[in-house]
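Trainee: Model the full structure from these sequences, guided by the hints.
There are 2 protein chains.
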Amino acid sequence: MRDTFHDELDQIGAALIEMSRLVGTAMSTATTALLNADLTLSEEVIASDDKVNLLHQETEERAFDLLARQQPVAGDLRVIITGLRMVASLERMGDLAVHIAKIARLRYPDPAVPSEVRDVIKQMGVVAQNIVTKAGAVLAGHDIELAAELERDDDAMDALHKKLFTIVLDKDWQYGVEAAIDVTLLGRFYERYADHAVSLSRRVVQLVTGELPAS
Amino acid sequence: MRDTFHDELDQIGAALIEMSRLVGTAMSTATTALLNADLTLSEEVIASDDKVNLLHQETEERAFDLLARQQPVAGDLRVIITGLRMVASLERMGDLAVHIAKIARLRYPDPAVPSEVRDVIKQMGVVAQNIVTKAGAVLAGHDIELAAELERDDDAMDALHKKLFTIVLDKDWQYGVEAAIDVTLLGRFYERYADHAVSLSRRVVQLVTGELPAS
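Protein chains in written order, with the numbering used here: chain A, 1022 to 1236; chain B, 1022 to 1236.
Don't read these hints as lab results, they were simulated from the structure. Don't take each hint at face value.
Copies of the same chain look alike in the list, so a pair counts if it works inside one copy or between any two.
Said to hold, decoys possible - In silico PhoX-like pairs for lysine-lysine, Cα to Cα no more than 25 angstroms straight-line:
1) Lys1183 / Lys1123
2) Lys1184 / Lys1123
3) Lys1192 / Lys1123
Mentor: Here's what the structure looks like:
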């Protein structure tokens, strides 16, 4: 039988996994909203962030309570502190999906993404989805091998981010400065989202192996 | 006489103040490097981030040790956890100053900032400097009134950020897409830097008043 302490720790873990699911859905919906200039979906992403923020707050409070009441020893302590950091990363990932949805909403009914970069943005959305799904699985199962895959996905995201700039900076770019700004910000949001997912996964690795994460 | 525990807590506080000083210098040097297209200063900012990262790591480890060895009660616990979050914000602020210095270096010997936005960027640099200096003072003295000032500085930063977009999106913008991208990213880096400084200050307020910060 588990004790109360470890039950509460499990609840924090479950909240993190649920948050990774929510910010994954937010990101994939935001990408669809962006590519299809879909106002309803944009609003959906923006509204759904409340749920992420609530889980963030609840999980923080639960972690504080647990620390204060139970005075956990080193190993458990590290798990809780790491959980607090992860919850902050997940909250930020939700914000980044909202930023993307807001750009889609701002340009509606026009698409924010010119046809020439659609494909790269679409791929960035796919990679973001892969990364967050794997980060959720790493969180759920402490699967170190998946964590290595996730690092490679992040390299793919960086390559797509570079490709985006190459297109926007090409002399044939014909969509003007406004679209260039939108695409620059969008690229940054996808890239930061992936960075946070990688940091989540590294923190799990750190917990499992005891090694400090590379970043 | 102070006990060892509170001496160590003071050392964490001193490290946070020192980090705020370092990332303040990094930001003001990065702004000068940017405005003067100064390669030496750019490199200086980039190299100096090692010191911030080292302090980040040392302070994290000290906080973990303290938590594990001393099993602090609720109030002290909250101080340490908050310190861990602050150290993460400060580390990120250092990164943002480096991002700015890297844009200056990338465009060297040309200036990355066209003459038309020089003044706004200069002001953003000044506001960033004000904010981080006040955040350092809030950290050092738990001065709640200064924290309110800092929120107003952040509003000023947001207004400058908007102004930047107005200039870049004006039909008379003559510097092309590359400069627009640089300016977009620079604007975002200054704005995020200020956000992190505000979050530092809010966390101090939270510790002093017991109220959760607004973000």
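Trainee: Are the hints correct? Go through all of them and say.
Mentor: Hints, verified against the model:
1. Taking the shortest Cα distances, Lys1183 and Lys1123 sit within 25 angstroms of each other both inside one copy (23 angstroms) and across copies (16 angstroms).
2. For the identical chains of this complex, Lys1184 and Lys1123 are neighbours both inside a copy (23 angstroms) and across copies (19 angstroms), given an alpha-carbon limit of 25 angstroms.
3. When the C-alpha separation of Lys1192 and Lys1123 is checked against a cutoff of 25 angstroms, the pair qualifies only between copies, where the shortest distance is 23 angstroms, while the shortest distance within a copy is 28 angstroms.
Against the hints set out earlier in the document, no violation occurs for any number.
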